Amino acid sequence: MTVGFCSCVAYFSQLFFPVNQALVLSRIDLYIKHRDIFLKHLELLHKLIEKVEDSSVNESELLNARLVDDMFPFNVQAKIATNFALRACCPLSGKEYKELEGDIDSFCGLKTYVVTAIDYINKLSEPTLEQLNINVQDTAGFKEISMPASEYMSSFVLPNFFFHISMVYAIAKNNGVSVTKGDFDGIHQYPKGFSWEA
1 MTVGFCSCVA YFSQLFFPVN QALVLSRIDL YIKHRDIFLK HLELLHKLIE KVEDSSVNES
61 ELLNARLVDD MFPFNVQAKI ATNFALRACC PLSGKEYKEL EGDIDSFCGL KTYVVTAIDY
121 INKLSEPTLE QLNINVQDTA GFKEISMPAS EYMSSFVLPN FFFHISMVYA IAKNNGVSVT
181 KGDFDGIHQY PKGFSWEA
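Using our numbering, you'd call the opening residue of the sequence shown number 1 and step up by one each time.
To be clear, the hints were calculated from the coordinates, so they are not data collected in a lab. All clues stand as given, with none of them false.
With a straight-line cut-off of 30 Å between C-alpha atoms, the simulated DSS-like cross-links for lysine-lysine are:
#, residue 1, residue 2
1, K123, K95
2, K33, K181
3, K51, K173
4, K47, K192
5, K98, K111
6, K40, K192
7, K111, K95
8, K181, K51
What follows is a set of in silico ranges between Cβ atoms, one per label pair, in the way DEER data are often shown:
#, residue 1, residue 2, range
9, D29, D185, 20 to 28 Å
10, L129, G109, 33 to 41 Å
11, Q137, G193, 42 to 50 Å
12, K47, K95, 22 to 30 Å
13, L30, T116, 22 to 30 Å
14, K47, N160, 15 to 23 Å
15, F142, L30, 25 to 33 Å
16, G186, N58, 25 to 33 Å
As the structure is a prediction and not an experimental result, all values here were calculated from the model. Where a beta carbon is used, it is the ideal one built from N, C-alpha and C, also for glycine.
Modelling step: build the complete structure from the supplied sequences, incorporating the hints.
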């Protein structure tokens, strides 16, 4: 009877453990993929700020430039994008998220701000199963939200991260800085001076 019971336990352990292990690994892989996306585009954001800095635009005017009056300016858009990456990675690594402090009122300060976030994310440990199973509490505008970690990462943080980076790009473009889609995704290439105008 005991032998039969043990054999049964062993059978079901072998049957189900690979599935559970695969689930854990897939969730960790999902976190790593998202983290790497954040890191890549924070690096591109840093390069974009450098490109804006090297242009002929007035620093103060560009940093405070907005697409429309009721939207955040260039420097705040960059700050929010940077913090969205931290909002995703911190809780899933067992760290409390706190908005990154630093100077965003100069190009130099803003670049340092982004680099600080990159360094911090790179030092975070990979999440455990327990951390991947949490519900993340946050706010979306004035709305309180609670989402499973994977949904929070892919359905909330990632779209908002790219939204604010897009605003940084659009403000730079709107103020005469010669940026291309390659500055946004790190993939596209265009000849110097290229335009889609006929």
